[in-house]
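With chain A held as given, fit chain B onto it using these hints.
Chains as they are written, first to last, in our numbering: chain A, 1 to 116; chain B, 117 to 226.
The set of hints was computed from the structure by calculation and includes no laboratory data. Small disclaimer: the values here were computed from a predicted structure and weren't measured. Keep in mind that a hint or two might mislead.
In silico contact screen, one side only, chain A against chain B (beta carbon under 8 Å); selected entries [what the hints assert, rightly or not]: (1) T38; (2) G40; (3) G42; (4) L43; (5) F45; (6) E48; (7) G58; (8) E75; (9) L90; (10) A105; (11) F107; (12) G108; (13) Q109.
Beta-carbon label-pair distances, calculated as ranges [what the hints assert, rightly or not]: (14) V116(A) - N146(B): 43 to 51 Å; (15) E130(B) - E82(A): 40 to 48 Å; (16) N169(B) - T80(A): 30 to 38 Å; (17) E82(A) - T188(B): 26 to 34 Å; (18) K168(B) - K13(A): 40 to 48 Å.
Listed next, the in silico SDA-like pairs over lysine to any residue satisfying Cα-Cα at most 20 Å (straight line) [to be verified]: (19) K213(B) - G58(A); (20) K119(B) - N56(A); (21) K218(B) - K168(B); (22) K57(A) - K168(B); (23) K168(B) - G131(B).
Every residue, glycine too, gets a C-beta built ideally from N, C-alpha and C.
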Amino acid sequence: KAGVTQTPRYLIKTRGQQVTLSCSPISGHRSVSWYQQTPGQGLQFLFEYFSETQRNKGNFPGRFSGRQFSNSRSEMNVSTLELGDSALYLCASSTGTDLILNTEAFFGQGTRLTVV
Amino acid sequence: DAKTTQPTSMDCAEGRAANLPCNHSTISGNEYVYWYRQIHSQGPQYIIHGLKNNETNEMASLIITEDRKSSTLILPHATLRDTAVYYCIVNLGANSKLTFGKGITLSVRP
Chain A
1 KAGVTQTPRY LIKTRGQQVT LSCSPISGHR SVSWYQQTPG QGLQFLFEYF
51 SETQRNKGNF PGRFSGRQFS NSRSEMNVST LELGDSALYL CASSTGTDLI
101 LNTEAFFGQG TRLTVV
Chain B
117 DAKTTQPTSM DCAEGRAANL PCNHSTISGN EYVYWYRQIH SQGPQYIIHG
167 LKNNETNEMA SLIITEDRKS STLILPHATL RDTAVYYCIV NLGANSKLTF
217 GKGITLSVRP
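Bound conformation, chain A alone (with noise of 0.2 Å):
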């Protein structure tokens, strides 16, 4: 089956605009977690949702932000960029069907944001 996608792969913005990242998961996947990755403070986690609401919410302020429609394809936003924000971002999906379970979070590849 088809992995979780990530649109575009490649992105340059401009400081003070705002972007719109793309995240497909896996068939049947109902959980979508999105993730920043920077070279000085590695992985970081978002936010999480599951049927369209938001469950879990990472340490970043709220220029971030996120949805998930009723297909679970989710999308993440960032607004007023800022040269820090560069970095790559990565989504994961998982069957979502239970907060303690025992399956795995499958990653796309991650667009890569330049902040110019």
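Positioned in the frame of chain A, the structure of chain B alone reads:
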């Protein structure tokens, strides 16, 4: 903060077993030990997970100590393609917030 402690790096020879240690002394009774790896410029890849018992799959084996305060990931026959950053994570489940530490960089040499 990550709940795990891993060495920064290690290397092993191709074809030999790679034993990657992880300390998680504050793990709670209902938390699992997960291992993921990230090959350069790719998304993390699930390897294996366990609760109390040792686990084995086609990729690796996971040995968890009886007190659950530490574990070891074993790649039985390391190949050059196993060169990656390996993350040990303790978590309630795969879809809750995964807290990645710095991981351990495994370098497999020819």
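Going down the list of hints, with the structure as the test:
1. The interface hint given for T38(A) is broken, as the beta carbon of that residue sits about 12 Å from the closest beta carbon of chain B, more than 8 Å.
2. Taken as an interface hint, G40(A) does not check out: its beta carbon lies about 11 Å from the nearest beta carbon of chain B, beyond 8 Å.
3. With a cut of 8 Å, the hint placing G42(A) at the interface with chain B holds, because the nearest CB-to-CB distance is about 6 Å.
4. Nearest Cβ of chain B to the Cβ of L43(A): about 4 Å, under the 8 Å cut. The hint holds.
5. Proximity of F45(A) to chain B holds as hinted, the smallest CB-CB distance being about 5 Å (cut-off 8 Å).
6. Here the hint on E48(A) is kept, as its CB sits about 7 Å from the closest CB of chain B, short of 8 Å.
7. The criterion of a C-beta within 8 Å of any C-beta in chain B is met by G58(A), whose closest approach is roughly 7 Å, and the hint holds.
8. At its closest, the beta carbon of E75(A) sits 17 Å from a beta carbon of chain B; the interface hint therefore is violated under the 8 Å criterion.
9. For L90(A), the interface hint holds, the least distance from its beta-carbon to any beta-carbon of chain B being 5 Å, beneath 8 Å.
10. At a threshold of 8 Å, the smallest CB-CB gap from A105(A) to chain B is about 5 Å, leaving the interface hint in force.
11. This hint holds: F107(A) has a C-beta 3 Å from the nearest C-beta of chain B, less than the 8 Å allowed.
12. Taken as an interface hint, G108(A) checks out: its beta carbon lies about 5 Å from the nearest beta carbon of chain B, inside 8 Å.
13. Given the 8 Å rule on beta carbons, the hint for Q109(A) holds: about 5 Å separates it from the nearest Cβ of chain B.
14. Restraint check, V116(A) to N146(B): a C-beta distance of roughly 45 Å satisfies the suggested window 43 to 51 Å.
15. Distance hint for E130(B) and E82(A): a CB-CB separation of about 43 Å, consistent with the stated range 40 to 48 Å.
16. Our hint of 30 to 38 Å for N169(B) and T80(A) is violated, since their Cβ atoms are close to 49 Å apart.
17. In this structure, E82(A) and T188(B) break the distance hint of 26 to 34 Å, their C-beta atoms being roughly 41 Å apart.
18. At about 47 Å, the beta-carbon gap between K168(B) and K13(A) stays in the expected band of 40 to 48 Å.
19. A threshold of 20 Å between alpha carbons decides the hint, and for K213(B) with G58(A) the separation of about 8 Å falls inside it, so the pair holds.
20. For the suggested pair K119(B) and N56(A), the alpha carbons sit about 18 Å apart, so the restraint of at most 20 Å is met.
21. Our distance criterion of 20 Å between C-alpha atoms is broken by K218(B) and K168(B), whose separation comes to about 24 Å.
22. Restraint check for K57(A) and K168(B): not satisfied, since their Cα atoms lie roughly 29 Å apart, outside the 20 Å limit.
23. Pair hint K168(B) plus G131(B) does not hold up; C-alpha atoms about 28 Å apart against a cutoff of 20 Å.
Hints 1, 2, 8, 16, 17, 21, 22 and 23 from the list above are not met by this structure, while the remaining hints are.
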